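Engineer: This is what each chain is made of:
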Amino acid sequence: MSLTANDVKKIAHLARLGIAEQDVEHYAKDLSSVLELMTQMGRLNTAGVTPMAHPLDQMQRLREDAVTETDQRDHFQTIAPQTEAGLYLVPKVID
Amino acid sequence: MHKKNLSELAAGLRSKEFSSVELTQFFLGRISQHQDLNAFITVSAESALQQAQAADQLLAAGNAGPLAGIPIAQKDIFCTLGAKTSCGSKMLDNFIAPYNATVVEHFNSAGAVMLGKLNMDEFAMGSSNENSFYGPVRNPWATDCVPGGSSGGSAAAVAARLAPAVTGTDTGGSIRQPAALCGITGLKPTYGRVSRYGMIAYASSLDQGGPMARSAEDAALLLQTMAGFDLKDSTSVDQAVPDYSTGLNDSLQGLKIGLPKQFFSAELDSQMAATIQAAIAEYQKLGAEVKEVDMPNLNLAIPAYYVIASAECSSNLSRYDGVRFGYRCKNPADLTDLYTRSRGEAFGAEVKRRILMGTYALSAGYYDAYYLKAQQVRRLISDDFKRALSEVDVLMGPVTPSTAFKIGEKTSDPIQMYLEDIYTIAINLAGLPAMSIPAGFIDGKPVGLHVIGNYFSEAKLLNVGHRYQQVTDWHQQAPKGFE
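Chains G and C are the protein sequences, given in the same order.
Going left to right, the first sequence walks through residues 1 to 95 as this note's numbering numbers them.
Going left to right, the second sequence walks through residues 1001 to 1483 as this note's numbering numbers them.
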C-alpha cells in the first residue's frame, strides 16, 4: 500500500492542512512507509473481536441537564486573534 | 538542597533550615545556570516567588501539607492560568490558557511552587524532544544525546536537579521512555486515574498524566496530589485514591514477576538484556519469583497504536483553526485559506504526518481496514495483558531498546523513531499503569527497568520500585556537572 502525491494533497485538503508543494513527495514517502507498518495488522485474524474504544470499557457518564458554566465570553476572547462586538472575525464567507 | 528528596525538603522547611523562598530561589538559580539543556520553555520566577511566600506563611501557621513550599515544574501541556501553555508548538506560542488544568489546581491547593513549564515534543508527539518548536532538550548524562520524549524537558530537569520533581504525560511511553533515558523514576498511572482536564489532548483514549521524580518514594507523594476523580473529565474514574506512601516498605517476599517472552527476544541488545536481567536477579534476592509469560499479540502494538493515536490526534487537533485562539496566518484570502495556512504554518512535520495519517485512516473506505482493525487488535493486546496479570503480580522488562541516542540520529526516518516505543506502547493501549525505574548504566548512559501492573495497582508498583531503590543506588547517581 503506498500513497501518491495526489493522495497526500487530497488528505491534506480533508484535514485543511497546508503542505508546501516541495514537501508533498516527502510526505507521500513517509506516509507510505507508515502504512506499510500498519498493514502488518492484516496478518492477524480479528473476526468477531469486539473493537476496544476505551481501555476500561467505561460508559460515558451522564449528568443532570443543568447549566454549570457561567458566561466567560469576554475572558475567552482576550486570546482570540480577531474579535469585534463579542464576535470572532474571519474573512467574509458569503458575498 | 538539590540532593534532598521530597520528605527531606518538607522536613527542612518545617525545621526552618531553609524557607520556601530560599528553596525556590535556589532552584531558579540552577535553572538559569543550566539553560543550555533547554529543559524549560517558560520560567515563571516572579509567580514562583509569590507562591513560595504564600507557602512560607502556610508553613508558619503549621497547617501545610507534604508538598507545601516545594518547587515543582509542569510539563508545558498542562494549562496554567496566566502563564504561557505552548504544548511545544508554534500553534500555541501565544496561548495563555483562560483556566488551570485540574492537576495544576491540585498542586496549587497543596501549596506547591511552580518553577515553570517544561519543554516537550510538539503536542506530545515524539520520542526524542526534537519535535519541539523551542528546540531539542539535551540529556544531562550526555549532552549530545536526546533526553527521550515527549516529556524530555521533564526528565532532563529532574536528572539535572533543576527541580526535585515534575509532571509528565504518557500516551505511548512519553513518561517512561524519557525517565529511562535520563535515569529517573517515572510512573504512568492507570488510564483515568489522573484528570485530563486542561491537559492538552493528543490521543484522548491513551493520554495519561503522571509523576516524574528521582525515586519511587517521591513519585508516590506527587501521585497522591495528582490522582483523583474529576467531574470535569468525562473519562476520569470515580474510585477512591489509596495512600501511596504507606505500603512502600511492604515485603516483596513471594511477589510473582512475569517476563513477557516477546520483551526478551533475540533482537534485544545483549547489554540491555544483561542489565535488565541483573535488576530482576535483585528482585529474586528480595524474595520475588519469576516466570515467563507469553503475550502473542504484543508485536502488533506499534501499528495499532499509530492508527488509533493518529486518528484521535487528527480529530483533537482540528480545533486549531486560527479562529478562536492560537496562531493565525497573515492576510488570509478566505476562510479555507485561513484554516489551511494557519495550520500549515504553525504545525511541525511530525504533527502534520500524524494528522494526515489519522485523516486517511478515518476517511471513507478505509475506516474498517485501519481504525476498526486497530481497535480489534487493541482488544487482543489488552486480553494478553489480562491473561498474564491473572498469573503474576507485575510484568518486567526493558523500557527502551537502547540507551539515549544522538541528537539528529533518528530524525530522518519516522519509523525508526516509532520503534523507540516498542516496549511502552502496548501498555497505553491496555490502559494499565507502568513505571520506569533506574536500573544501571551502559557506557555511562542510564537504563530503565519497566514495571507493569494491573489496573489501579499504582501503590504496588511504587512499593516494587521503592524496595529496589532501598538496595540499589542507581536512582541516586547524578550526571557529571550536576551533582
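Treat each hint with caution, since some may be false.
What the hints assert, rightly or not - Pairs of lysine-lysine, DSS-like flavour, derived with a Cα cap of 27 Å:
hint, chain 1, residue 1, chain 2, residue 2
1, C, Lys1090, C, Lys1285
2, C, Lys1410, G, Lys29
3, G, Lys92, C, Lys1090
4, G, Lys29, C, Lys1285
5, C, Lys1330, G, Lys10
6, G, Lys9, C, Lys1460
Claimed, not checked - Covered stretches of chain C, going by a simulated chain G footprint (3 or more residues, C-beta under 8 Å):
hint, stretch
7, 1003 to 1015
8, 1136 to 1148
9, 1374 to 1381
Claimed, not checked - Some chain G residues well away from chain C (every beta-carbon gap over 12 Å; in silico):
hint, residue
10, Ile19
11, Asp65
12, Ala85
If you're looking for bench data, these hints aren't it; they were derived computationally from the structure.
This structure is a prediction, so every number in the text was calculated from the model and none was measured.
We treat Cβ as the ideally placed atom computed from N, Cα and C, and that holds for glycine.
Engineer: With reference to the structure, classify each hint as holding or not holding.
Structural biologist: Results of checking the hints against the structure:
Straight-line distance between C-alpha atoms of Lys1090/C and Lys1285/C comes to about 50 Å, which puts the hinted pair past the 27 Å bound. Between Lys1410/C and Lys29/G the alpha-carbon distance is near 16 Å, which keeps this suggested pair within the 27 Å criterion. A C-alpha spacing of about 26 Å is found between Lys92/G and Lys1090/C, which places the hinted pair at or below 27 Å, so the restraint holds. Of the pairs offered as hints, the one joining Lys29/G and Lys1285/C is violated, with about 51 Å between alpha carbons and a cut-off of 27 Å exceeded.
Straight-line distance between C-alpha atoms of Lys1330/C and Lys10/G comes to about 24 Å, which keeps the hinted pair within the 27 Å bound. Between the alpha carbons of Lys9/G and Lys1460/C the distance comes to roughly 50 Å, so the proposed pair goes past 27 Å and is violated. With 0 residues carrying a beta carbon less than 8 Å from a beta carbon of chain G, the stretch 1003 to 1015 of chain C misses the three-residue requirement, and the given coverage is violated. Taking a C-beta to C-beta cut-off of 8 Å, the stretch 1136 to 1148 of chain C contributes 0 residues in contact with chain G, too few for the three needed, and the coverage statement is violated.
Only when three residues or more bring their CB closer than 8 Å to a CB of chain G does the claim for the stretch 1374 to 1381 of chain C stand; here the count is 7, and the claim holds. With a least CB separation of 6 Å from chain C, Ile19/G falls inside the 12 Å interface cut-off, contrary to its annotation. Every CB of chain C lies more than 12 Å from the CB of Asp65/G, the least distance being 15 Å, so the non-interface label holds. At roughly 16 Å, the least C-beta separation between Ala85/G and chain C is larger than 12 Å, which holds for a residue marked as non-interface.
The structure is inconsistent with the numbered hints 1, 4, 6, 7, 8 and 10, although it conforms to all the rest.
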